[in-house]
Amino acid sequence: MATALASTSTSLVLPQPLPLDSGQSLDGVTIAYETYGELAPDKANAILVFHALTGDQHVASPHPITGKPGWWDRMVGPGKPIDTNRFHVICANVIGGCMGSTGPASPADPSAPDGKPWGMRFPVITLRDMVRAQVALLDALGIGQLHAVVGGSMGGMLALSLAANFPDRAARVLAIATSWRHSAQNIAFHEVGRQAIMADPNWREGDYYGVGKGPDKGLAVARMAAHITYLSEAGLTDKFGRRLQDREAKSFGFDADFQVESYLRHQGIAFTDRFDANSYLYITRAMDYFDLAEEHGGRLADAFAGTTARFCLISFDTDWLYPTAEARAVVHALNAAAAPVSFVELKAPHGHDSFLLEVPALDRVVAGFLNG
Amino acid sequence: MAELRPDLAVIARHVAPGSRVLDVGCGDGELMAVLQADKGVDARGMEIDPAEVEKCVARGLSAVQGDANRDLADYPDHAFDYAVLSQTLQTAERPDLMLQELLRIGRKAFVSFPNFAHWKMRASLLWNGRMPVTRHLPVSWYETQNIHHVTVTDFVQLLQDKGVRVERSWFFSGERELGASGTNWRAEYAVYLLSR
Chain Y
1 MATALASTST SLVLPQPLPL DSGQSLDGVT IAYETYGELA PDKANAILVF
51 HALTGDQHVA SPHPITGKPG WWDRMVGPGK PIDTNRFHVI CANVIGGCMG
101 STGPASPADP SAPDGKPWGM RFPVITLRDM VRAQVALLDA LGIGQLHAVV
151 GGSMGGMLAL SLAANFPDRA ARVLAIATSW RHSAQNIAFH EVGRQAIMAD
201 PNWREGDYYG VGKGPDKGLA VARMAAHITY LSEAGLTDKF GRRLQDREAK
251 SFGFDADFQV ESYLRHQGIA FTDRFDANSY LYITRAMDYF DLAEEHGGRL
301 ADAFAGTTAR FCLISFDTDW LYPTAEARAV VHALNAAAAP VSFVELKAPH
351 GHDSFLLEVP ALDRVVAGFL NG
Chain D
1 MAELRPDLAV IARHVAPGSR VLDVGCGDGE LMAVLQADKG VDARGMEIDP
51 AEVEKCVARG LSAVQGDANR DLADYPDHAF DYAVLSQTLQ TAERPDLMLQ
101 ELLRIGRKAF VSFPNFAHWK MRASLLWNGR MPVTRHLPVS WYETQNIHHV
151 TVTDFVQLLQ DKGVRVERSW FFSGERELGA SGTNWRAEYA VYLLSR
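These protein sequences, in sequence, are chains Y and D.
Under this note's numbering, the letters of the first sequence match residues 1 to 372, in that order.
Under this note's numbering, the letters of the second sequence match residues 1 to 196, in that order.
Chain Y extracted, bound-state conformation (with noise of 0.2 Å):
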């Protein structure tokens, strides 16, 4: 394995409270974050890259909990596509989280470090309220305009909403993967998650932490049937088919016959050791109220419009949870709005997941775009 790049793993308490798109505040918002590679002088150089429904602030350094390298290690680093001896990375964990920035396992009194923690007493948040947090970051940071804002799936919502709400604060905007807004069919799977995590007993309507044991089965069981969507059916049958799991034959039971259930249980287990079962209620939430259209008057360009940034915009061919159409609304949407974009379409056979895999020409696009 590669030696771990060199990062800053810090935290930050945001000075002002931060108002929410529900009508309420949250005062003293805790944003964990790490950084790669060194800020310019004229701070001018910073790349602040939106983590997806899952992921965390460790793009490119190893997970604390998992010890597996960071999300996106193949494409943050010296010399890769989004080169850190050029760039500085700022990578935050979004609030809702549950990797240090505050959400729902935060102490819902933060003065009182012993305090019960806001389980469902939480304010539901948005994609708009993340994206107001970092750029409250980034002004503790002293850094005005990005030199790229990059994500993939809800990073890429987070990249967009960030260029439509503050217009001046990024360069270029570089979204893979995703979308302008959740569909019925996209909604309609987190809801299934969400009901397997409250139909657990452990929930416990939420409050389970202290307890000693969390809604793990009803976790897992939504990371389960999310984890379908982010595989394209051929990635599925190419890497399973219907090949028997450690086994010559069917057992006429309820085992893990088949290796892909094997596979999918493996995956809703070991989820659970890395991620909080409110977080995922609330991020997967904050998802489905998503529609950059409606936020701007049901038109999408007027999103767009008074712009400045550069766009671009890669979509993946087995993509069905953000298939190419919605990149291109995207893309119909800067047209109208006379934004410079680029567009492209790449084939990649592992479906949405694409764009934390191995597809040289995904790197070639993005390295070619932040250069550009």
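Don't read these hints as lab results, they were simulated from the structure.
These numbers come from a predicted model, not from an experiment.
You may find that some hints are simply not true.
[To be verified] Below 20 Å or equal to it, Euclidean Cα-Cα: the simulated PhoX-like pairs (lysine-lysine) are:
no., chain 1, residue 1, chain 2, residue 2
1, Y, 239, Y, 250
2, Y, 347, D, 55
3, Y, 80, Y, 68
4, Y, 213, Y, 116
5, Y, 80, D, 55
6, Y, 239, Y, 347
[What the hints assert, rightly or not] Chain Y regions said to be covered by chain D (calculated; three or more residues, Cβ under 8 Å):
no., region
7, 338-345
8, 360-372
[Stated by the list, open to error] Simulated DEER-style distance windows between Cβ atoms:
no., chain 1, residue 1, chain 2, residue 2, range
9, Y, 320, D, 182, 53 to 61 Å
10, Y, 358, D, 49, 17 to 25 Å
11, D, 93, Y, 202, 56 to 64 Å
12, Y, 298, D, 96, 28 to 36 Å
13, Y, 306, D, 123, 55 to 63 Å
Positions of the beta carbon are idealized from the N, C-alpha and C atoms, including for glycine.
Go by the hints and put chain D onto chain Y.
Just chain D now, with coordinates in the frame of chain Y:
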């Protein structure tokens, strides 16, 4: 501009500085790059081949992967000062509709195309009885992308039928620019600047 193909060089010479240009079928962006560097043009491209789009993005140009037969509809009216269609008209599903789209999106349009009535083509068909394969049309009939063979005279007729105005035209044989007479015999390809 010495590097450009002669039809692209003509276009590059006659685009007004600082204008907005959409290059339909932009390839690897060679025209856009010249327009941007030499004329401060705000250039955008559309290209069907993702590998070519990738090259555009890598040079810092804005290009959208799309099929001009379908995706030009995504652009608003008069979004550009010029729409450029070089050596692509004869590959369009409906060249007449594409021409209308160009002049909807651009206030003016540059269109270049190979002339199928050039004397070498006529001779090839007349004497050999075979579909011509030439320097400018090097691909056999069964694999060519050129599905709507057009001549200078045909094109002028289409413009008349559609009420399109010719602002200027240029005709070439190889690298050499020709005079305006007998072009339907003599020109290997033509470049038109059009408006409504």
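How the hints compare with the structure:
no.: 1; hint: Y:239 <-> Y:250; result: holds, 19 Å
no.: 2; hint: Y:347 <-> D:55; result: holds, 16 Å
no.: 3; hint: Y:80 <-> Y:68; result: holds, 19 Å
no.: 4; hint: Y:213 <-> Y:116; result: holds, 16 Å
no.: 5; hint: Y:80 <-> D:55; result: holds, 18 Å
no.: 6; hint: Y:239 <-> Y:347; result: holds, 18 Å
no.: 7; hint: 338-345; result: holds (count 7)
no.: 8; hint: 360-372; result: holds (count 8)
no.: 9; hint: Y:320 <-> D:182: 53 to 61 Å; result: holds, 57 Å
no.: 10; hint: Y:358 <-> D:49: 17 to 25 Å; result: holds, 22 Å
no.: 11; hint: D:93 <-> Y:202: 56 to 64 Å; result: holds, 60 Å
no.: 12; hint: Y:298 <-> D:96: 28 to 36 Å; result: holds, 35 Å
no.: 13; hint: Y:306 <-> D:123: 55 to 63 Å; result: holds, 59 Å
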